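Hey, can you work out the whole structure from these sequences and the hints?
Okay, so the sequence shown: first residue is 1 according to this note's numbering, each after it adds one.
Calculated from the structure, these hints are not laboratory results. Only a predicted model underlies this, so the values are computations on that prediction, with no experimental measurement involved. A few of these clues could be false.
EDC-like mimics (lysine to aspartate or glutamate), calculated; alpha carbons at most 16 Å apart, straight line [unchecked claim]:
no.: 1; residue 1: K121; residue 2: D107
no.: 2; residue 1: K28; residue 2: E184
no.: 3; residue 1: K56; residue 2: D107
no.: 4; residue 1: K61; residue 2: E47
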Amino acid sequence: MPPEIIKGLKDVYFDTTESSFIDGEVGKLLYRGYNIHELAEESTFEEVVYLLLYGKLPNQKELDDFDAQLRANRIIPDEVIQVLDLVKASHPMDALRTGISALSAFDPEVTDNSVEATIRKGIRLTAMGPTIVAAHHRLRQGLEPVAPNPDLNHAGNFLYMLFDEVPDQETTDLLDVDFILHAEHGPNASA
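Below, the structure is given as structure tokens:
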């Protein structure tokens, strides 16, 4: 008898993750055991990224140190801006992929695959990702990229780099929640 063919990915498990749990039938999404609704209401994106990377919510000192790392790593090399300018007609996802690939040429730990180095790389990519996206967006419009603002949180800084003006708190808070909701969704479907 031929093997059963399952169409699509329903009931097909190809990997497991400890960082999130999704049960779409009951509308349940957990990050490291925390309900997404509670995280969206009570946490910041920076706290949620810390949770995903380290498996626990940070205390105030850990959050302050983590936030300082993110803010310190937002600037991308001029050479990456030049690459983004070369591909400014590209789809934003293609430009993001290209920008991240270009960053590897400047990664001081490119050959270090230890857990600690991988976490540091994740922090740097989390910090630089919005800079790449905002720079590409502005270059597509014939505008100069806007340098990161170290006085703003992750969401506020992204909006600032997109529009070259400090966003209002309500807009920043809305984007912060959006970042939380999209921070993790299990293994990549193309894995």
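Tested hints:
1. K121 - D107: Given pair K121, D107 holds - Cα atoms ~8 Å apart, limit 16 Å.
2. K28 - E184: holds (13 Å)
3. K56 - D107: Violated, because 27 Å separates the two Cα atoms, which is more than 16 Å.
4. K61 - E47: The given pair, whose Cα atoms are some 12 Å apart, holds under the 16 Å limit.
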